[in-house]
Amino acid sequence: MAETVNVVCTFCGSVCDDGQFDTEKFKSKKLCKLGSSKFSEKERIKAPMVDGKEVSYEEAIEKAAEILVNAKKPLLYGWASTVNEAIRLGVILTEKVGGVYDQCASVCHAPGTLAVIEEGLPGGTLGAIKNRADVVVFWGANPMEAHPRHGMRYSISAKGLLIKDRKQRKVIVVDVRPTKTAKLADEFIQIKPGYDYPIISALRAIISGNADAVPDEVGGVSKEKLIELAETMKNAKYGAVLYGLGVTQSRGRDRNIENAVKLIQLLNRHTRWVIWPMRGHYNVVGAGEVPAWEVGYQYAIDFSRGYPRFSPAEFSAVEVLKRRDCDAALIISSDPVAHFPRAAVKHLKEIPVIQIDPFPNMTTLVANVVIPSAIAGIEAEGTAYRMDGIPLRVKKVVESKYWSDEQILERLLEKVEELKR
Amino acid sequence: MRLIIIKPKTEFVVTVEAEITPDLAEKNVEEIKRFKVYYGKDRVELGELFEVTKEGDDKKLVLDGDFSRVKWIGCRMSDGEIVVKGNVGANCGAYMAGGKITIEGNADDWLGAEMRDGEIVVKGNAGNLIGCAYYGNATGMSGGKIVIEGNAGNYIGEKMSGGEIEIKGNAGDFIGTEMKGGTIIIHGSCGFVGGDMKAGEIKIGGEFELVPTFVMQEGTWVGDVNVKGEGIVRKL
Amino acid sequence: MHHMLHIKNGIVIDPKNGVKAEKMDIFVKDGKIVEEGEISKNEAKVIDASNKLVVAGGVDMHAHIAGSKINTGRTMRPEEMRVVRLIANKFRTAVGRVLLTSPAIGYEYAKMGYTSAFEAAQPPIGALHTHEELDSIPMVDKAALPVFGNWHFVLKYVAEKDMEKLKAFIAWAIERTKGFGVKVVNPGGVEAWMYGGNVSSLDDQVPGFNVTPREIITSLVKATEELQLNHSVHLHCNRLGVPGNYETTVESIKLVDGIKNDSRQVLHVTHVQFNAYAGDSWRTVASGAEAIAKTVNAMDNVTIDMGQPIFGHATAMTGDAPFQFTLHRLTGSRWSNKDSEIEGGAGIVPIAYLPKNPVHALQWAIGLELGLLTDSDKVVLTTDYPNGGPFTEYPYIMAMLMSKKMREGELERVSPFVQKASNLPAIDVEKSLEEVIHMTRSLPARVLGLPNKGHLGVGADADIAIYDLNPLEVDTSNDFEKIYKAFKTAVYTIKDGNILVKDGEMVDEYWGKTYWVDARGKADMEAIKDDLNEFFSKYYTVELQNYGVEERWLKKPERIVI
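Protein chains in written order, with our numbering: chain B, 1 to 421; chain Y, 1001 to 1236; chain S, 2001 to 2562.
The following block holds chain B by itself, in its conformation from the complex (with noise of 0.2 Å):
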C-alpha cells in the first residue's frame, strides 16, 4: 500500500521533522537536497561479506566477533551516522573488548566539547534562537551549504514569540570567504584565515571597556568595524553566535571556541546571548552523548585498562591510526578512508577491518568483514539527538531484509560475550 508518511530526516544535524515520504516511490517531499538524496534509492551492500565473499550475518558477526576478541586494541569508529540504541550498545562493546571509541565529533566538532570543559557551553535550543535571537551570527559557518533549511527552519528567515519578520533580525556572516549564507546576510564580515582567536580576544577587550588596548586592525579587520560589532553585540535584545567547521578545524581549533564562550560570558553581563555548534552529521549529538552517560566522556575514549579515560591527542581515531596503536577496527556509518589523512587510512589497510553500513563506501574497500545494515530513519527505528541535543525519534516507514545497527550489535556483543567467556 502506497501512503505518504512523516519522516524525521537522518542526514544533517538540523534533523527537520516534518518530512514526507512517499513509501511506494521511496520519494520524498519537503526536505532539502541534501536529506532527499538521503531519502531516494541508492546504492547498498548486498550481503554480508566475510573477505570477498557472500556470508549470513551470522558468519559475519562471528568474524567480527572474533576479530574484536583477539585484538589487543581495536579502534570502534564512527556512530554519528546511527541511532543512539546501537551508540550505546557500541559503548559497552567497546568497553567489553577494551577497545577505543572515537566518533565522527573528532574530526569536526570536538574542538567544541574541550571548549565545554574550559567554560561551559552557554546556549540555547534552536527554538529558542527562532522566537527569541534578534541578532545571529554565523561565524565560520555555512548553513545554506550544509543545513540548508537551518535558516528557513531555526534561524535566518524563521519567525517566533519575538520575531514576526526577517527584518527584525540582523543576520551576520564572519567568515573567511563569502559564502552562500553571507550572501543571505545583513552584514559580511571578511577575515584573515587563522584569526579568530585574536579577534574574539579583541573583541571581548572592546566590550569591557579595553578599546584602547586593541590596535588599529585585527586578523583584517578594522578597529572600527570590531568596536560596529561589538556595539551590535551589546545592543541585542537576544543574540546568538552559531559556529562552524571554519572555526573548529582551523588554526586555534578548541581555543577559539573556548575565547568565543568566554565573549558570551561577558556578553550576558550586558544582554542575553547564547553560543551554540553547528553539528553536521545527523546523530553526532547523540554519539557524545550516549557515552557521557555510559562511561562519562564523549570521545577518543579507551577501555584497555577495564575503565574509560579521555585523552583526544591519543585516543582520537586519526591520532590512534597515525600512530598504528590500533590492531584491528570497526567501522561503523562512515568512511575514514575516503576522509582520514593519508598515514592514517595507510594503517587500516593494514589491519583487520569491520564495516557496518547501509552503503558501500571507500571503507568497503578495506573491510575484511562487511555487515550490511538498514537505513536508520527510514527501515529502522531509533532516538537521534537534533544538533541542539533535543531528542527526535527517527522512524521506520518501510520494512528491509537488512538487520538494523541496534541488531547487529545487539549480536555482535552476545558472540564477544560467548568467546570471552
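All the given hints hold, so there is nothing to weed out.
Dumping the calculated DSS-like pairs for lysine-lysine here, alpha-carbon to alpha-carbon at most 27 Å:
id, chain 1, residue 1, chain 2, residue 2
1, B, K420, S, K2090
2, Y, K1085, Y, K1059
3, Y, K1228, B, K225
4, B, K33, S, K2538
5, Y, K1123, Y, K1054
6, S, K2502, S, K2485
7, B, K159, S, K2529
8, B, K237, S, K2538
9, S, K2254, S, K2294
10, S, K2156, S, K2529
11, S, K2260, S, K2156
12, B, K401, S, K2555
13, S, K2538, B, K164
14, Y, K1059, Y, K1145
15, Y, K1235, B, K223
16, S, K2023, S, K2008
17, S, K2538, B, K159
18, S, K2502, S, K2032
19, Y, K1041, B, K72
20, B, K322, Y, K1009
21, B, K396, S, K2555
One-sided excerpt, in silico: chain Y residues whose CB lies under 8 Å from chain S:
id, residue
22, Y1135
23, G1136
24, N1137
Ranges between beta-carbon positions, derived for each pair:
id, chain 1, residue 1, chain 2, residue 2, range
25, Y, K1168, S, L2330, 41 to 49 Å
26, B, N6, S, I2560, 25 to 33 Å
27, B, K164, S, D2203, 29 to 37 Å
28, Y, K1036, B, K349, 29 to 37 Å
29, Y, K1036, S, G2197, 56 to 64 Å
30, B, F359, S, I2560, 41 to 49 Å
31, B, N6, S, G2457, 43 to 51 Å
32, B, A338, Y, K1036, 34 to 42 Å
33, S, D2530, B, A338, 43 to 51 Å
34, B, K27, S, E2534, 27 to 35 Å
Calculated directly from the structure, the hints in this document are not laboratory data. For each residue, glycine too, the CB sits at the ideal point set by N, CA and C.
Chains Y and S: place on chain B using the hints.
Relative to chain B, chains Y and S alone:
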C-alpha cells in the same frame, strides 16, 4: 649495581603504557621484570616486552632503543634519572615531582604535563601540550624545568603556574595561554602568544604573534587585559 | 533469583506500619512482601538477619540523575570522571567522583540500600533523553518530574485563569513526557531570564505575560489537586541562592494554607537549604531555617527536603537558569546554560563546598538546622544531588541528625561564622533511628504518593535493605561512626525480591521500573487541542506529532492511571 638498562624486545603492535620510574632501580632484576605494564588490553610483565639488565651504581634507568610507542615513562617520578636513548611516547614525565629525564630523540605530546619539579631535557623535537594541564584541571606545570633543544608543537605551558620551559628552536601556536606564573623562553619563532595570560613571563627570540589585548609598558608587553592580567611578553 | 525469601530474626523498623525496632521475620514472594503463610518455608531462601537492622529500601525523591543537565555536567567535568569505582568485569565499569555515570548511579544507590530514585527536573522537550538515561541506570526504580513553572502554555492558562485547560495541559504534558508529577522551578523567573532578568518577589510581573509567580504556584497547586496526581506540586522557590530569600520561601509555603489532601501534602518545597537565607548581602547573610521550619511545622499540608551540602566537590545544576548565571559570576567558574524553546531553561556551574568558607559552612549548617528543627514527618533527607554534593553521603546526614556529639566535632572544623549566623550549635535535638528511617523511606514514599514503597507491610514492593546495626543496642548519640559505616554499605539490598547486594558487594544486576502517571481521564483533553496546534506551529521547532515519548520506547514502564 643500580643502573637499569631496558631494551624493547620487538616492535610493539600497539603502544605500551609503562609507568616506570627510577624507583625500579631499587629492585632486583627479577622484580623489575615482573613490573606490570599495559600492552593494549593485556596487562603483562615488563620482562615479556623488554630485556632488562642491571649495572652501574646510580638510581638511573637507561631506556635503550625506540620508546616512541611507550607512554607514561617517568610519570610521577620524584628522584633519580631516566635517559631515553631514542624517541619517547606521550605523557613522558607527567606529574613529575623531581629527578631528571633526558630524551636523546624526540618526545611525543603531553611532555611534563602538570609537572611539579625536576628536569626534562629533549635533545630532539617535542610535540604538543608541553607542561599543560590535563582536561578539566586548573593548573599545568607548577615547577621544574623543561628544555627542548629542537622545535616544539602547539599549546606550550597552558595554565602553567611556575617553573620554566625553554625551547631552543621554534614553537607552534598558543604559547602560555591562561598562564598564571613561571617562564617560557622560545629562542626561535612561534605563533599566537599570551591569550588570557594572568601572570608569568614569556621571552621570544624570533617572530611571534601576540594576541591583540596586551599593552606596551616600558618596553615590554603586559596583559592580557581581558583577564586583567599582569603577564609579561618580551623579546629575548 | 529466588521467588521466595524468608528474612529471619532481623530487627525491623517500619515507621509507616508502627514497627519500632522489633525482632520479626519478613516474607517475600514474587517481588512483594507477603504474609508468612504465603510462602513455603522449604523453598524460600533464608536470610539470617540476626542482630541486624531490616528496613525498606531507601527512596530518593529528589536527585538529578538523568538527562541533559547531568550529562552536560559530565561533559564539562572530565576531572570528575577520573575517579574509577569499578573496572569492567561482571558489572559495567563505573566511574565518577560526585558526578557519576549512569551505571555508577544505580550501583552506588544499591550498595547504600536505596532502591528508588527520582529525577527531579525533566526538561519536557528533552524527556526522551531523560528516559534514555533513566533506562541506563540499573538496580533502582525511577521516575522523572517534568518542569512546568515557565512553560508558555502554563503562563497563558494561568493568565487566562482557565483551570480546565491548565488541568488538561498538565495531563497532556505528563503523558507526553512519561513524567510523574509537576515540578516548578523559579516560576516566572526563568522566563524573565530570557530577557536577562529574574523575578525578585512573588508579585513580580512575568515579562510578556500578565501573571506573577504567586499566581503560577497557586494555579498549579489547584490544578494538581483537582487532577489528584500521586505527587503534589514540587516547588523550587523563587530567589534561590539570594540572601533574604527565606521570606519568599515562607510566603510561598503559606500560599497553600487551607488547601487539603487526605493522603499527602499539597505542596512539597525542595532543597530548602538554598532558599533559607536571612540577611541582605553575603556579608550579613544568616540562617533563615528556623522561620521556615516553624511555618512548615504549623501547617499540615506542606513537606520539604533538605538539600544538604556536603563538604567537597559538587556541581550546581538546576532549571533555574538565572541563578546559575549569578553563581557563575560569583565563582568565575565554567557555566553552561540552556534556554529551552518556550519551556524554560537550565544552567550548570561546578562548585566546591569548603568547610572554612563562611558562606559554605553556613549553608551546611542551614541544611542541618532544617533537618533538625522541622518535624520528622515533614522533612526528607536529600543533598539535591549533585547540587549539594553526593547522594552517597546520606549516611553522614543521618548520623549527624542523630548525634549532637558528632555535630559538635564537625562544628570545630568549619568556619566560626556559623556560630553567629546560625543556631546549629545551640540545637540539642537528636533524631531517633526511627525518625531518620522515616525521613529516608516511608516519608519520601508518602510525599511522592507511592503506597507500595518505603515500608515493609504486606503488599509492599519487596525493596528491602539490611544493615549491620542492631537498633536495640546502638547508642545513636555516641556511636555515630558505627551508624555512618553501617548505612554506607548494606549487608543486603533486595529489590523486587532479588538480592542485588550482599555484604556490601553487588551480586546481581537488575533493571527497575520507570513510573509514569496517566491523568488524561481526569481532564477534558479536547480543550487544549487548538492551542497545542497553534503553539507548535508558531513557536516550536518540532512537529506536535513528533513531540514526546511513547511507552514502548521505555525499558520497563509502569503506568499509573488516575
